[in-house]
Amino acid sequence: MPAVTGKPPVLEVDGLCVDFAVRRKQVRVLSDISFTVGRGETLGIIGESGCGKSMTALALLRMIPSPPGRITAGRVLLDGEDLIQVPEKRIRAIRGGEISMVFQEPMTSLNPVYTIGNQIAETIRRHKGISGAAAWKEAVDLLDMVHIPAPERRVHEYPHHLSGGMRQRVMIAMALACEPTVLLADEPTTALDVTVQAQIFDLLREIQEVHGTCIVLITHDFGAVSEMADRVLVMYAGHKVEEGTLDEISGEPRHPYTQGLLRSMPEIVDDPADIRERLPEIPGTVPDLLRGLEGCPFAPRCPSAMPKCRDRPGYTRLGDHRSVKCWLASEGTGDRVGS
Amino acid sequence: MNGTHPPPELPFREETEAPDIPWQVTARMFYANKAAVLGLIGFTVIAVVGLFGPAILQADPFDIVGAPLTGPGEPRPMGTDYLGRDVLAGMIHGTRPTLMMAVTATGFAVLIGISIGALAGFYGGRLDNLLMRITEFFQVLPPLVFAMVIVAIFGASFVIVILAIGVTTWTDLARLTRAEVLKIKEREFVMAARAIGMRNRPLIVGVLLPNALPPLVIAVTLQVGFTIIYEAALSFLGLTDPEIMTWGRMIGLSRDFFFEAWWSVTFPGLAILFTTLCIALVGDGLNDALNPRLRGR
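Top line first, the protein sequences correspond to chains E and R.
All residue numbers for the first sequence refer to my numbering, where the first residue is 1 and numbers rise by one.
All residue numbers for the second sequence refer to my numbering, where the first residue is 1 and numbers rise by one.
Hint data in this document are derived by calculation from the structure and do not stem from the laboratory.
Remember, predicted model here, so these are calculated numbers, not experimental data.
No residue lacks a Cβ here, since even glycine has one placed at the ideal position from N, Cα and C.
Fair warning: there could be bad hints in the mix.
If you want a taste of the chain E side facing chain R, the calculated C-beta under 7 Å gives, among others [what the hints assert, rightly or not]: (1) Arg92; (2) Arg95; (3) Gly96; (4) Met101; (5) Phe103; (6) Glu105; (7) Thr108; (8) Ser109; (9) Leu110; (10) Asn111; (11) Val113; (12) Thr123.
The following block holds chain R by itself, in its conformation from the complex (with noise of 0.2 Å):
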């Protein structure tokens, strides 16, 4: 036959090799990112005091148990609030709270936020302008006046805040997928994937949201700090489950002794701080990790 092109004879030390087997790749780069590593150690610091703490410390976060506002030290290490409840129990009887509120809400939004944004995007023309009319009416909205407005109408439950949450802060995730499918879809891989027969569904999910990814993992992540305090602003209204401690709830109860008692508010703020910067790291390193085009470095 005409110049056919036969395997080279040597091969290369990198084709006798066994091949990397894809999630050990996905490891050892999320491995190299430190600060990714201690984003992780961090987290998982934050979820075992979730889940464990509350039975150790068997302390109700409710219960007075001293005098109010006293500063930390013996035999409270981050003192009481105004009305004399210990701070170290409300943070630790809040973390699991605080945590399942801000990755349930954030799951829910991210659902509504991704769903609508990649149909309005791969579709467009007439369902774009639908779902983006409607998506401009949550927008302009108050998010916070809507969330009270639910929780007012369907009762003070973790889970109608939770739904409360996801509904009024979809619409930023909404527009950014939009508008990364509306870039993606122009490339030619996606023309390729069609004229393999690819139908639109899988087009969808297994070829443009993948590759809208890294934008939507940096969002998830800030959006998932910003429920967190958008909890305590509900919370701060009487408008979350009076039950329920969650760090949101005691930065807003306590937030007018901010002069007289700083510990009562800086503590679970910085609880909240901490954990957004780990939520933050975490999905940073796995998105370079995730991305094929950062590998084999």
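If we strip away everything but chain E, and leave its shape as in the complex, we get (with noise of 0.2 Å):
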């Protein structure tokens, strides 16, 4: 896996907070949410529903619900360009051509009442500004390029005729239209059998080393970013709380809550003596935002929970790239816990 460090990141986010207007409360969604992303690299965000992968995906895209959201600090600077400041204009042209997004419902993100070809040709015309007939050719190259047979036929049809996976090829081409730098892949194959999945991750893999496309997969099964991932990022509450390359997070976590979620994953840890156990689970459920959160926002779930945890924990940095938002590891006691 290549470890990117030298290179200027092409995707860098920093301190991003989404504050969400709820019942005359401000609920914090994105609280200082920072990572990078470099060349040809791959993100994976990963974290329980709801708590904020795919409104990190948005806010990147400046496409949070407004109201009740809105963006209230932090900048997402896109080959040093802050796309929190820029005009509308810009995001617009942004979107979709520099940064795109695969989304998690390939039966629902095609618009049903236009050919496929059509769509696609819609979003080359958008961008490069080329003519018809131009942009249906590449339509159907970019078809040919996510191995959809007979592509030229295949243009002509609509979402309804194709099966989930081909229409995630198609949105998949959509995206890669214009040759993003980014691409925003949320939870691209949740609604897809694990064959098709398999292929899916295939040709996103083929795609970005053909183009060196830096990917930001958000998941919430740790399969598909320890397929995928160079780098992770676990998410909780809006909390960014543990970030590493994929070796660091999968072999030595050092959240509680990151590894529970590995505890929790059968298949990821090595460890033939567990095998026939009970999986474990995480007890409790994910925190109602709207309460506010006081301290740590994982402390109530947490087993090594202690009474520090009532302040909230910064940012530890254990290395580049690598950081934790614990008590345990900013004191440098109780690593691995409890496994």
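Each chain sits in its own coordinate frame; assemble them with the hints.
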């Protein structure tokens, strides 16, 4: 796995905060999220439902539903350009141009009333300003690139003619239409079965190899992360709780949440002795952000919570691109709790 | 490279065939719907009558040609009305103005209704509030009285009547469009369209409205029939151009003589019913034919 250090990152997110106004209260949905992605690198963002993964992706494109949402702090630098500050016109050119997104539900994220060729060509026309026939030709080439058989015929088909995997390929083709620098993949395989998932990942890797695309892979499936990601960011309740390379996160998790997450994944840890035992889960549920969180957001569910957890921990840097938001790490004690 | 999947060596038959041409598919779907074809034929007949009828039957529909209230038979196949005017001549000469009025007034109402509904539904917030309050204002006014006021102020010309009908009947379409847009706006493909950098106007026109079309088509076809009847009501009150004969005007004028001379109101009434039915059938057929989900059957 290429560890991209030294080279300047393509995408740099710094201290991103998003607030939602709910019932006259400001609810912090993303708290101080920072990460970088280098050229040709894949960053996996993992966490439970509602932890802010998708919100992070939307915030990068400045597509937070507003109202009620608002980006309150932070910077999103794409090749040095702060996307939070750029004018509306520029961000529209970036959406689908430099940064594009693949959505979770291939079944519903294509417009049902147009042919797929129409939709891909539309993207190309919009961003490259080329004529209809040339855009159409490119649409066929793109479908070919994502390995859709008989693309010249398929361009004339409507989304409902295609299977889920095919539609996700079309979504990827559309996302790649303008050779984006960053591809945000928001649970691209959640709605698909495992074989199709493997094909989609192969495709993404292949594209990354050819174009050097940065991929931000958002998922709740550690299997997907371990297959695709170079580096991993673990999110919980809108906080980045741990960040590191895939090996560091899966081999040496420091945050109790990451540890719990890993323990609840049967295949990840090579632990033949435990394999038939009941999978341990993390007790409790994700906190209700409306109530407001004091201290560490994970403390109520944490097996190693201590009085100090009433105060919010800061990031403990353990190296380049390696940080943990936990008091345990800052004290340098009690790593690998309970394993 | 790790596991790329080459396309199959043996293409399926459908993959080697020439692709379907979209409008041909639409035409085929439309043709398969017998009721819609029937409606189209019926509407074509009415349109032809409207276009060429007056040239062939040159009688003035306002001329008194015989005794009042004579029943259908020789030489007046549809009888005469209470002033002795030929009902058939009125029917034929009334076709063109009736159709023109129905189509343009509906078109005008559709234009206002869909624009306001789409803007309100898409932008939401204050604009939605403002536009919906305006819509409610138009809804609580009795439409007929409102139209009467407009005609009374601006004069009973053909164009003013069309505008008056349009201005007073767009509210239902606006509400329907708004509701549809609100619903479709939340679908994932709208988010996806924004994520490829689509601006608001193409998003509304190219993504939201086409998806909102099915219920709108039905509403619009019903609106055409409603417009014809509405014009009849205005005619009955003498608020339309007195120089122009329309079906609605015939019904309006002869309404009091229904029990003495059923033919003077029944024939124009049947014509309105028939036209509305044909338009509704065509609308329904078009809706099915243009809906990609129903294709390929």
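Could you check the structure against the hints above and give me the numbers of any it violates, in ascending order?
none
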